[in-house]
Amino acid sequence: DGGITQSPKYLFRKEGQNVTLSCEQNLNHDAMYWYRQDPGQGLRLIYYSQIVNDFQKGDIAEGYSVSREKKESFPLTVTSAQKNPTAFYLCASSTGGEAYSNQPQHFGDGTRLSIL
Amino acid sequence: AQSVTQPDIHITVSEGASLELRCNYSYGATPYLFWYVQSPGQGLQLLLKYFSGDTLVQGIKGFEAEFKRSQSSFNLRKPSVHWSDAAEYFCAVRDRGSTLGRLYFGRGTQLTVWP
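One line per chain: the protein sequences are A and B, in this order. Just so we're aligned, residue 106 is where the first sequence starts under the numbering used here, counting upward by one. Just so we're aligned, residue 9 is where the second sequence starts under the numbering used here, counting upward by one.
Please keep in mind that the hints were generated in silico from the structure rather than gathered at the bench. Worth double-checking, as some hints may not be accurate.
Claimed, not checked - Here are some, though not all, of the chain A residues that point toward chain B, as calculated from beta-carbon distances under 10 Å: (1) I109; (2) Q111; (3) N133; (4) D135; (5) A136; (6) Y138; (7) Q146; (8) L148; (9) R149; (10) L150; (11) Y153; (12) Q155; (13) F193; (14) A197; (15) N207; (16) R217.
Yeah, the Cβ is synthetic: ideal placement off N, Cα and C, and Gly gets one too.
Please model the entire structure based on the sequences and the hints provided.
What follows is the structure, given as structure tokens:
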């Protein structure tokens, strides 16, 4: 079945350490997104990418970085500059482009990141 | 920029009771509208979506939502709630014709179901 796979499910970060969250999709979607979820705050957009080798900052990009070298993959790095990284991180994908703007986003099952 | 308001942070209903979750959006034109559900520790699952046409849309799990342009609302309803409906519900909107494809989410409504 097609879907989005996020790994690991749980991740722990030490002070001063960078960690990378994996997101892979086999839905042949062009667009991919990273969200951060904190209790009571809904989903906040970190980064998004419409095509390979291109991505844009979302609302809370500081302390995060991404790459989009392959259509299927959109890894998120939480850098040491992100001082409050403890959160639930969700990856999503959708068919991209204006003609497909009515298409919903599909979500992975998330990665929970905690500080040691 | 778009904004989405879900005024109820937490709702508690008895099993078998009816349910309505409220969603209001702020935007100059009618956007695309979505409702998602999230079980604890899981990702989001699409319940239903509104693009155009009939303002009452049906979704999965017995949910429906009604778009009211005059009120900029897209409320989610279910006639009879089941214990398995306990979850968090998110309303989301997207600009029509957006090439960026981003969604704007409300803060969510947590639903508790009493037996």
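Return the numbers of the hints above that this structure violates; sort them in rising order. 3
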